[in-house]
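Each protein sequence line maps, in turn, to chains A and B. The first sequence begins at 1 in my numbering and counts up one residue at a time. The second sequence begins at 1001 in my numbering and counts up one residue at a time.
No lab work stands behind these hints, which were simulated from the structure alone. Note that the structure is predicted; figures quoted are calculated from it, not measured. Warning: the hint list may mix true and false statements.
Derived lysine to aspartate or glutamate pairs resembling DMTMM-like cross-links, with alpha carbons at most 20 Å apart [claimed, not checked]:
hint	chain 1	residue 1	chain 2	residue 2
1	B	K1066	A	E150
2	B	K1058	A	D61
3	B	K1209	B	E1235
Number of protein chains: 2
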Amino acid sequence: MALVNENYLKLQGSYLFAEIAHRVQKFKAENPEAEVISLGIGDVTLPLPQVSIEAMHKAVDEMANKETFRGYGPEQGYAFLREKIRDVIYKSRGVDIEADEIFVSDGAKSDCGNIQEIFGVDNTIAITDPVYPVYLDTNIMAGRTGLVKEDGTFEGVVYMPCTAENNFTPELPKQHVDMIYLCSPNNPTGTTLSRDELAKWVKYAKENKSIILYDAAYAYYITEDDVPRTIYEIEGAKEVAIEFRSFSKTAGFTGTRCGYIVLPKAVKGYTKDGKEQALNPLWNRRHTTKFNGTPYIIQRGAEAVLTEEGQKQVKEMVGYYMENAKIIREGLASLGLTVFGGVNSPYVWLKVPAGMTSWDFFDKLLHEANIVGTPGSGFGPSGENYFRLTAFGSRENTLKAVERIKTQLKL
Amino acid sequence: MALVNENYLKLQGSYLFAEIAHRVQKFKAENPEAEVISLGIGDVTLPLPQVSIEAMHKAVDEMANKETFRGYGPEQGYAFLREKIRDVIYKSRGVDIEADEIFVSDGAKSDCGNIQEIFGVDNTIAITDPVYPVYLDTNIMAGRTGLVKEDGTFEGVVYMPCTAENNFTPELPKQHVDMIYLCSPNNPTGTTLSRDELAKWVKYAKENKSIILYDAAYAYYITEDDVPRTIYEIEGAKEVAIEFRSFSKTAGFTGTRCGYIVLPKAVKGYTKDGKEQALNPLWNRRHTTKFNGTPYIIQRGAEAVLTEEGQKQVKEMVGYYMENAKIIREGLASLGLTVFGGVNSPYVWLKVPAGMTSWDFFDKLLHEANIVGTPGSGFGPSGENYFRLTAFGSRENTLKAVERIKTQLKL
Chain A
1 MALVNENYLK LQGSYLFAEI AHRVQKFKAE NPEAEVISLG IGDVTLPLPQ
51 VSIEAMHKAV DEMANKETFR GYGPEQGYAF LREKIRDVIY KSRGVDIEAD
101 EIFVSDGAKS DCGNIQEIFG VDNTIAITDP VYPVYLDTNI MAGRTGLVKE
151 DGTFEGVVYM PCTAENNFTP ELPKQHVDMI YLCSPNNPTG TTLSRDELAK
201 WVKYAKENKS IILYDAAYAY YITEDDVPRT IYEIEGAKEV AIEFRSFSKT
251 AGFTGTRCGY IVLPKAVKGY TKDGKEQALN PLWNRRHTTK FNGTPYIIQR
301 GAEAVLTEEG QKQVKEMVGY YMENAKIIRE GLASLGLTVF GGVNSPYVWL
351 KVPAGMTSWD FFDKLLHEAN IVGTPGSGFG PSGENYFRLT AFGSRENTLK
401 AVERIKTQLK L
Chain B
1001 MALVNENYLK LQGSYLFAEI AHRVQKFKAE NPEAEVISLG IGDVTLPLPQ
1051 VSIEAMHKAV DEMANKETFR GYGPEQGYAF LREKIRDVIY KSRGVDIEAD
1101 EIFVSDGAKS DCGNIQEIFG VDNTIAITDP VYPVYLDTNI MAGRTGLVKE
1151 DGTFEGVVYM PCTAENNFTP ELPKQHVDMI YLCSPNNPTG TTLSRDELAK
1201 WVKYAKENKS IILYDAAYAY YITEDDVPRT IYEIEGAKEV AIEFRSFSKT
1251 AGFTGTRCGY IVLPKAVKGY TKDGKEQALN PLWNRRHTTK FNGTPYIIQR
1301 GAEAVLTEEG QKQVKEMVGY YMENAKIIRE GLASLGLTVF GGVNSPYVWL
1351 KVPAGMTSWD FFDKLLHEAN IVGTPGSGFG PSGENYFRLT AFGSRENTLK
1401 AVERIKTQLK L
């Protein structure tokens, strides 16, 4: 009898975006004349940078000729891309990462989901609350949690609330944890962790022999000088942290698919009898056994992003979105709403008016201003009473949305 | 203390291709004038079909314009591709598969490796011997095996020897097994399973509530009419079989990366207390949580393969390789060597001359004819005394290689 992985049966339905779609659909059916604007989903809208377009055309042509055709490439990614990442993303920040500590993939979602495989099932994980759901769901699937509780949290998981009260900075857990998921700039709160906060986590990880799983997918949206772009700017992080990066939000690759993991050779896990085991070779084994490399064409598109001209183009693109973020942030603040994020992140996280739940505010925004956002409670219990708006729309829609919020929302 | 997944420590080094590379390098250093031809690695050499090149150029251009740009697509693949697969691969063979039973991915290696995640760790797996290593390695990683034994096999795994003695058809295991990996046309033996043989396995799976994991990555290489192209041609298979397919060998996509899983909704696994659980929704959950879709550009390239003109082009491509296979097969047979495969597969599997091991023959072929092949023992103990040659080289090299074998090999 072929047994199934019963951990999957513990998973909760991906209720959030389905419920949003359902409510929007109903509203549209009842209000066919309404022009609904979505500031809900975290997907980019600007086309790919021209450098990537050109590089991919060239790569497609190479695939058309026997002399330049590429079959299987290295599973870890071509040297041309790994070396560019090493130089442009890390060396430029004074961080020494070797090319063979970088593993190119099809995106940070896959990497964040797959990384837990190289860890023991008995490890305790810590996640922030609210949180990007993939960290938790993939650990549920692997059996690193118990069952769901009435409040929607899972047994055996350490939740670290991040709210306005603690300035969205997770506190060190009172109990021992082995794997710590941190995301900065944060999805969904749009806030960042300071150098001192990160140093606190690196210290904890070293003392507790824990691993930090650091999601820096939004690093390019940081505008303030003193916010670390990579966790490896923190002394000692190369011994305890794995970093996830992506071209998705950096360069509009959400449908083009390229990301990477940085796993320094000094990062160690442990066997049950306490022996050190470097994680880089374990991930290398996982990556080469279960993955066959990112398409050559796509890797060339990603490489182009890391040229001087490419960096110029993506900075313009990010600048466009960040101007949207500013418009949203300042527009909401001018109404007396309390807003967070939007300075080093494309996400604006707002406190919903007193007495309302996240879903109440969702309905209010949809009905009064015909704007779709994302209820904070969908990202975890501590997201209740918050709401996420994204800066990835067009300028025109962003301006229109803010104008409507200002003029039509009854606050 | 962050524990590692100690199952990884049970894995054996990927000795085979490293050892081949080492011996070839040594030979070349000692014989700098020798012109070594490789018929060793299963990678294609012809450029992509022209239809894919055109489709991908068009898709790249779409990504350059705001109006046609694509961000996140459906994780399971775009409808345009899933429906084409349904019609061209399945409906054309009289097999009814729904589009939502097809999950587009970045390749069959990922799918073969990832599929085991939705199964319980207590399942017993059965694999053929010799075998494509990914089936076994990913189950070792998941903890579905014991330790390696002295003969290189793993405790707790049911091996099904496939040799000339049983016509390369695995026998039904005497003990109960839950997950059965079958590959036809087979890598490495190049042989296929007949309709009757497959029917036997479907019957076994139904009676034993087992699941067949059917790798049909080489289906396009079948030339004989009566060999099934898909396991779903067998009555009842839609209740017990998951099929893996790929554009890699079909259309030269080894570096372009696109494959798919077919998981019919009628396929059921079981909870420990004996309740039926459809596998399609479990895989859907896995696929949408840990994967973010195959690049849009690549999916357009794959779609083009499934047009009428695309099918014509890939049939020419496959025909070219199969003519190579014929040249190798007939050339070796003319020397009195015993050869298998190469009729419905790009792999020729030969019995090495009496008294030699696979590695002895490797050295002999390299030194006397300067040809690189793959020792059968590298694919499992029952591959000992066999040797794999591939038809993926150029016609010129294939002809030259066979000529050298005929004139220089001392048999």
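Tested hints:
1. B:K1066 x A:E150: Violated - the C-alpha atoms of A:E150 and B:K1066 are around 44 Å apart, more than 20 Å.
2. B:K1058 x A:D61: holds, 12 Å
3. B:K1209 x B:E1235: holds, 16 Å
Hint 1 from the list above is the single one not met by this structure.
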